[in-house]
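The residues making up each chain are set out below.
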Amino acid sequence: AQSVAQPEDQVNVAEGNPLTVKCTYSVSGNPYLFWYVQYPNRGLQFLLKYITGDNLVKGSYGFEAEFNKSQTSFHLKKPSALVSDSALYFCAVRDIESNAGNMLTFGGGTRLMVKP
Amino acid sequence: DGGITQSPKYLFRKEGQNVTLSCEQNLNHDAMYWYRQDPGQGLRLIYYSQIVNDFQKGDIAEGYSVSREKKESFPLTVTSAQKNPTAFYLCASSIGGSGRATYEQYFGPGTRLTVT
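These protein sequences, in sequence, are chains A and B.
For the first sequence, counting from 1, position 21 maps to 21 in our numbering; every step adds exactly one.
For the second sequence, counting from 1, position 115 maps to 115 in our numbering; every step adds exactly one.
Be careful, since some hints might not be right.
Unchecked claim - What the simulated footprint calls covered on chain A by chain B, stretch by stretch (three residues with Cβ under 8 Å from a Cβ of chain B suffice, anywhere in the stretch; the number is not a length): (1) 28 to 42; (2) 45 to 52.
Stated by the list, open to error - Here are some chain A residues pointing at chain B (derived, C-beta under 7 Å): (3) Asn102; (4) Phe106; (5) Gly107; (6) Gly108; (7) Gly109.
No lab work stands behind these hints: they were computed from the structure.
Using N, Cα and C, we set each Cβ at its ideal position, and we do this for glycine too.
Just need the whole structure built from these sequences, with the hints factored in.
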C-alpha cells in the first residue's frame, strides 16, 4: 500500500520569503514522487518529480523539492515566494514495486497563501 | 494544440438523472483516469484505463461507470446510484499505464457537477 501525508492544511508566507510545503510518504518499496499545483476551478498542473538520482529536484516556476529517504519526505520549496504562487499544492506518490499501472496516491493538499 | 479537454465546465442535474462527463485527449496517451475532488479534500480515484477496451475500478467506483472505446476518449457516467454526486471531477492521462512507469499524469480543466 502507498500513502501520502501533507500535515499542513494551509501555509502562510510573506512575499519574498522562502516557502516550504511539507510531504511525507509511505510505500513498501521505493517511491516515485510528484508535486502538482492547482489554481481555483482548474485542473492540476505538474511541477516536478523525483524518480532517482539527485535528491534535490528542480521544477517549474522556480520550485524545487528535496527527497529525504531516511525521513520519507519530499518537501516542496521555493527561495522567494510570489503572490501568484498562492494556490493548492498536492504531493503524490507511486510505489515502484506496484503492479497497478501508473497509479498515483495523492495527499490531501496544502493551501499556500502568499501575502504581499 | 495538445492537451486534455473536459466538457462542460459546469453541469447541473436533477437528482435521479444519469449524467455523462466528457474527457478527450490528443496527447496519444495510453492511460486515462477519472478523479473526484471534494472541498478541502484530495483527489480520489474513480476509474482508470490503461488501454483501449479495458478499465479498472478505483477507490470509489460505486455509482459510476466508464467506457474506453477509443484511445482519445474516456467518458464518465455518474448514475443515480451515486449518493453524493456533487463534486469537481478531474480527468487525467499519462503515457504509460503499466510496468515501472515514471510518467506524470496530465490533467484536464475539470467539470463541476451540481446535483439538486
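Hint by hint, here is what the structure shows:
no.: 1; hint: 28 to 42; verdict: holds (count 5)
no.: 2; hint: 45 to 52; verdict: holds (count 4)
no.: 3; hint: Asn102; verdict: 4 Å, holds
no.: 4; hint: Phe106; verdict: 4 Å, holds
no.: 5; hint: Gly107; verdict: 6 Å, holds
no.: 6; hint: Gly108; verdict: 4 Å, holds
no.: 7; hint: Gly109; verdict: 5 Å, holds
In summary, this structure violates none of the numbered hints.
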